[in-house]
Structures are given as C-alpha cells and as structure tokens.
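Per the numbering used here, residue 1 is the first one in the sequence shown, and the count goes up by one each step.
Because the hints were derived from the structure by calculation, they are not lab data. A few of these clues could be false.
Across the chosen pairs, the derived CB separations fall in these ranges [stated by the list, open to error]:
no., residue 1, residue 2, range
1, Phe87, Tyr54, 27 to 37 Å
2, Asp53, Glu89, 20 to 30 Å
3, Tyr54, Val25, 30 to 40 Å
4, Glu15, Tyr54, 25 to 35 Å
5, Glu88, Tyr54, 29 to 39 Å
Using N, Cα and C, we set each Cβ at its ideal position, and we do this for glycine too.
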Amino acid sequence: MNEHLTARYIPLATERTKDAVKDLVPGERRKIDVVNPQDPTDRLITDIWVVEDYEGAHFTYQDGPTGGDAYLGPADQVRIAIEEAPFEE
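Could you build the full structure based on these sequences and the hints that come with them?
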C-alpha cells in the first residue's frame, strides 16, 4: 500500500489535525488540514478516519475535494509523527 506516495495533498500538523488524530477510533470521521505540497497556498479541510484490518489500525484521509482515499500509515506511527511535528499556521 503506497497510495500516500501519490497523494495530491498531505496533512498539516495544525491544532485541528493534532486533535483529530489523537484519539480517533474506527467508525469515526474527523476533519484535518491538508496542503498541496506543490502549491503551499492550496490548503483544504478534509476527512480522516481509521481503518482496522489484519495488519492493525491505519489512518486514511480524503485526498482533496474530489480525490480518492489516501493511505497515511499505521495509526500509532501517525499519532507519534503528528504529535511531535511543529505546529503549522
């Protein structure tokens, strides 16, 4: 699964994003901030959710307003990475 390598948008470590991933559980959707890495002025608010399968829990998010689902990574690793990332404005 390498969908995140081709995602058009990537999550920003904003207060909204940090709060959303901190205790998100399967079956729940929350809003996060994302940015287009090729155009930093292109920012959106989109959905993130947790998918559980035989490999464990993983974060997935909507890749922009009309994009498909983008795989972000194992839930524990994503939580740590976003928590440790400096705040974005």
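Consistency of the hints with the structure:
The hint said 27 to 37 Å for the Cβ distance between Phe87 and Tyr54, and at roughly 35 Å that hint holds. For the pair Asp53 and Glu89, the supplied restraint of 20 to 30 Å is violated, since their beta-carbon distance comes to about 35 Å. The supplied range of 30 to 40 Å is broken by Tyr54 and Val25, whose beta-carbon atoms lie about 18 Å from each other. Separated by about 33 Å at the C-beta atoms, Glu15 and Tyr54 satisfy the suggested range of 25 to 35 Å.
Checked against the hint of 29 to 39 Å, the pair Glu88 and Tyr54 passes, with Cβ atoms roughly 34 Å apart.
In terms of the numbered hints stated before, the structure departs from hints 2, 3, listed from lowest to highest.
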